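> Residue numbers (the working numbering), protein chains in the order written: chain Y, 1 to 439; chain H, 1001 to 1439; chain R, 2001 to 2439.
FYI, nobody ran anything at the bench for these hints, they're computed from the structure. From a predicted model like this one, the values you see are computed outputs, not experimental measurements. Beta carbons are placed, not taken as given, at the ideal position from N, Cα and C, and that holds for glycine. Some hints could be false.
Unchecked claim - Below are the DSBU-like pairs computed for lysine-lysine, each with C-alpha atoms no more than 35 Å apart in a straight line:
1) R/K2135 to Y/K374
2) H/K1247 to R/K2367
3) Y/K135 to H/K1247
4) Y/K388 to R/K2367
5) H/K1388 to Y/K114
Stated by the list, open to error - A few chain Y residues facing chain R, derived, Cβ under 8 Å:
6) Y28
7) I30
8) T389
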Amino acid sequence: MNSINASSQINETEQPGTQMYQLIEELYPICRSITGNGFRESLRIVEQYIPLETHEVLTGTAVFDWMVPREWNIRDAFVKNSRGERVIDFQANNLHILNYSVPIHRTMSLAELKPHLYSLPEQPNLIPYRTSYYKENWGFCVSHHVLQQLEEDTYEVCIDSTLQPGSLTYGEYLVPGNTTDEVLISCHSCHPSLCNDNLSGMALATFLARHVQTQPRRYSYRFLFIPGTIGAITWLAMHESQIQHIKHGLVVACVGDPGISSYKKSRRGDAEIDRAVLHILQHSDQPYNVYDFSPYGYDERQYCSPGFNLPVGSLTRTPHGRYPEYHTSADNLDLVQPIYLSDSFAKYVAVVDILEHNRTYINTNPKCEPQLGKRGLYGTMGGQKDTKTHEMALLWVLNLSDGDHALLDIAERSGLAFSIINTAADALRQSGLLQECSR
Amino acid sequence: MNSINASSQINETEQPGTQMYQLIEELYPICRSITGNGFRESLRIVEQYIPLETHEVLTGTAVFDWMVPREWNIRDAFVKNSRGERVIDFQANNLHILNYSVPIHRTMSLAELKPHLYSLPEQPNLIPYRTSYYKENWGFCVSHHVLQQLEEDTYEVCIDSTLQPGSLTYGEYLVPGNTTDEVLISCHSCHPSLCNDNLSGMALATFLARHVQTQPRRYSYRFLFIPGTIGAITWLAMHESQIQHIKHGLVVACVGDPGISSYKKSRRGDAEIDRAVLHILQHSDQPYNVYDFSPYGYDERQYCSPGFNLPVGSLTRTPHGRYPEYHTSADNLDLVQPIYLSDSFAKYVAVVDILEHNRTYINTNPKCEPQLGKRGLYGTMGGQKDTKTHEMALLWVLNLSDGDHALLDIAERSGLAFSIINTAADALRQSGLLQECSR
Amino acid sequence: MNSINASSQINETEQPGTQMYQLIEELYPICRSITGNGFRESLRIVEQYIPLETHEVLTGTAVFDWMVPREWNIRDAFVKNSRGERVIDFQANNLHILNYSVPIHRTMSLAELKPHLYSLPEQPNLIPYRTSYYKENWGFCVSHHVLQQLEEDTYEVCIDSTLQPGSLTYGEYLVPGNTTDEVLISCHSCHPSLCNDNLSGMALATFLARHVQTQPRRYSYRFLFIPGTIGAITWLAMHESQIQHIKHGLVVACVGDPGISSYKKSRRGDAEIDRAVLHILQHSDQPYNVYDFSPYGYDERQYCSPGFNLPVGSLTRTPHGRYPEYHTSADNLDLVQPIYLSDSFAKYVAVVDILEHNRTYINTNPKCEPQLGKRGLYGTMGGQKDTKTHEMALLWVLNLSDGDHALLDIAERSGLAFSIINTAADALRQSGLLQECSR
């Protein structure tokens, strides 16, 4: 925990894990997709925690190179054998349906059915998660064991879905701050019953919003609950004039699994958000991974496209595709746990604390050191072997506050935690030895 | 093999090794020096492969701080003992003569002779290669074993050479391209019977010229077959106004031995040629060495002198002076082998491919990703765990084609081979998603 | 030894160790503080070696954020037990007194006395060194063994000191050079009987001043013997208009102990002084440590405060606080030894040699290499396997003397010692191949 007000936040950061988990439990049974009622129902649940605004964008709306697709809804789906038994049943697990399957209702042989069945031969107990948003198709996802047990038979195949003009839905919550400069927190909210990817992200974003709305803040915080890819594209297309306000951003995903924290840098690679997250991870006393930006992953792909190149990274635990439960039925309520959600939350809070407090000061007494003792800032006994961390922080802040170094620069160069540097800066500012630099 | 058209080139790169070796065999017996008929005869052999222009520069011509020296020719040389036996015989190996020896014909004691004999005590079976271009001298090079067996006797010493006003000869072949921007390929061609240094370089340059003349090309390629040092100085002095056209260059030498590939960077250190060669070596799946520029070596010394500072490096196998056969009679037809010549050739071809295709593009759809699926560029099934290398290359090229990144930059940052990046760029350009940047 | 005139300096650098040690012996018994007669007496001893100017700055003079304190002097101090025995005696070791103790003379119980006694429980045989310059206090420093043996008794406590308006004293010696550009050599001279910290620094500065005054020099050298912190602040405050002349500087301290050499970089981190010292250490064939600047340590804190940011580092052996004898009675005449003083001195001399000779030249024959052979600068026999270091140095200097590289740059890039590069540059300049660049 490197945050500024550790005592008040520990309570918050311990509870959020449990609370976030409860929210995940509420959201888990719903069959979400990039459009449709499952997405809307999910937003209504989040609205019970934060005052989300829900937006609807009509099918066919042009969004850059794309078009908002038809809306998909599904009531039921099954494959019945000739004895009338549901051998594949959407009611049992919504992953069973190829997401965005077009409606179908007819009988067919196993040979006809098989090309529409998806399984994971190397993980034979798990149901895969598959989608076909942009090519009309229908299909079922099943465990390989079930697939292998299907006998020659005549099957009744029913997908009671609709794919019709409608709208794409997204949720947005702007927490205004003292300035119009924004921090963007974006989570894809389109996956069906998959907990880590990305109910964990939705839950963390929800509770981070609750946190920042209670804190004094210079930044405005924009929380987006959007369908992956098409949602980010839609939002960006409809808010081009506002994008300049985004100064920092994080894509929140996969924050509840037991893996170590991982940070994928923004395309810029050395943006303030990149350095803030790295600082928190470096001072976390935990192992962590850092990855350079690559144009594959979540919605940072869109935020970091060359026409925007926004300083948006992604702080996760195990990244997408790197844990065996990824995009399978094993990404369930057992995989994510409150303790990991709490830990991820605490790191997001600490990052926000850095962004909020990373100011640049000018030492008002730049020629030689000021006399800290007479201001009560410093020990009075000379000659001792050790100097304390706080005193070192005071000296570092004074030495580097020349208008060219923000507090995060000073933390990095000194090797001290940002929170310690910030505390020292507070003390010096109160003594009149620092003035904020209005650059 | 990282070249663009691998299938067509594998045939070319397998044959050249054998063909290059045959050319080396033809050139091997000739006694070359920095001037004279041996050099001319060698160029006439190369002319059978490529349309070389031969130039003669008169003795006494001032070339920067130097002067074209008198021309040296030799017909015969020997040391006979009192029984009339040739104990040292130029006819047996032209390394026996101190290159540029002035004529002499008289008898002398062993004591008189000995200061004019050069051997390698630590490699007692090998004849060293020695020259005395700029200080009049005469001498013989012998194996240390032969030297030690010479008895007290009266020896007839004969060097039937001439050192007279004449000219310095060099060969040049300009393969014009779509632009006047040039790639310089330079090989010193003045060494007598030494295969790796530098008949291998002459052979590689010859066959690289044959290769590029058959390829579409934006660059013009200038191949120089010159005497070392004085030849490069002479060429530079006589072509000062054209030097600005040289955009990339390589000094070709020592490309036929079994050692791993080595690259000596240009004085600039980060020129495009340096990065192109490093990329090929990094993706070669072979070990390799890289050396920073130093002002000792081959003609890169002249091309990289501070008044020119051309982007010229040197791609060799074992560098000069680092293999035991270097500048001895063991640098013979056994040391160089077709397989190593082929491998070196393939790397030069791959470097040329990078230079030719390293263009900078602008993503015409820079805001968010374009929809690759509707253009048939991309898989249509979402949610799968892996994305393929080609798809990653498409995404990298789109993401970084902002006008600031050429394809080699993108290859370096993505970790993908240039050839894969170039293929992706071709596909995107054909889809209208990329436009070449005219910077 | 990387200096230019090694033969003449070896004599000097062997003797200085012994001579420096003798100076340390003379200075050791004196009780110094940041003001007072002990400091003055010490300067009078140094004046026997170099023509030091002594300056007095009156108590109460404002110096930036500070004020020159009252002057402290002490004649005697003791704690007597009821039997009249001096159980703590300033006459035995001047570390026994808390430096800057106010006068006191009265009897008290052990309980009253104890809060005024300072010891080192983990080093029970050693007397600590403590000061209280800026908070009125009195006290005694004793070994922990002595402290533990003190019985319940009535003690006579006497500190016969004065703390009165007077002045702060410092010594200064400017050795003028051909230019007004200055090298600053600063040593704190305020510590009482502590040899390494910093009688060793005072001795090295003294003998370095004797050295430079006998050498041709382009720089002026300013040697400061000042009380720590307040002395540097006072000097800087009174010489603000001259500070611009300081081009390089070193704080000299802890140069006599057996530890390896250590360099603490200036705040800039890549100043010429930083690179010069690193070069000497890298070529010393000895282990060494390098530390980045931090705002704790000696007077580099003041010289590197953001309002000045002078290129001042500190070349020591074991740095402050990192050896067990630091600020204790064990920092005595046994800890420092002539051999280490000599070695430190030699390194300072070598650094000065770099600063003096680190000029930038232009190759007057920049296009291709000049013909070194005809100028007698180079071997005449071509084809040999090795080239000698001197010849490499000639080639490096010619290749990089383009106006952008000073000799230290060339030494760094070539990997050759500065002295070798400088010798080559001398030879080339004498041949007319180099001209000094007047940048």
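> For the pair we were handed, Y/K135 and H/K1247, check the Cα-Cα distance against 35 Å.
Violated, at roughly 48 Å.
> Take a quick look at whether R/K2135 and Y/K374 sit within 35 Å of each other, Cα to Cα.
holds (9 Å)
> Classify the hint on Y/Y28 as holds or violated, based on whether any CB of chain R lies nearer than 8 Å to its CB.
violated (51 Å)
> Under the criterion of a CB-CB separation shorter than 8 Å, is Y/I30 in contact with chain R as hinted?
violated (54 Å)
> With a cut-off of 35 Å on the C-alpha distance, tell me whether H/K1247 and R/K2367 pass.
With a Cα-Cα distance of about 18 Å, the restraint between H/K1247 and R/K2367 holds, given a limit of 35 Å.
> Do the alpha carbons of Y/K388 and R/K2367 lie within 35 Å of each other, as the hint requires?
violated (59 Å)
> For the pair supplied as a hint, H/K1388 and Y/K114, is the alpha-carbon distance within the 35 Å limit?
holds (25 Å)
> Against chain R, is Y/T389 within 8 Å by beta-carbon distance?
violated (11 Å)
Checked against the numbered hints above, the structure violates hints 3, 4, 6, 7 and 8; every other hint is satisfied.
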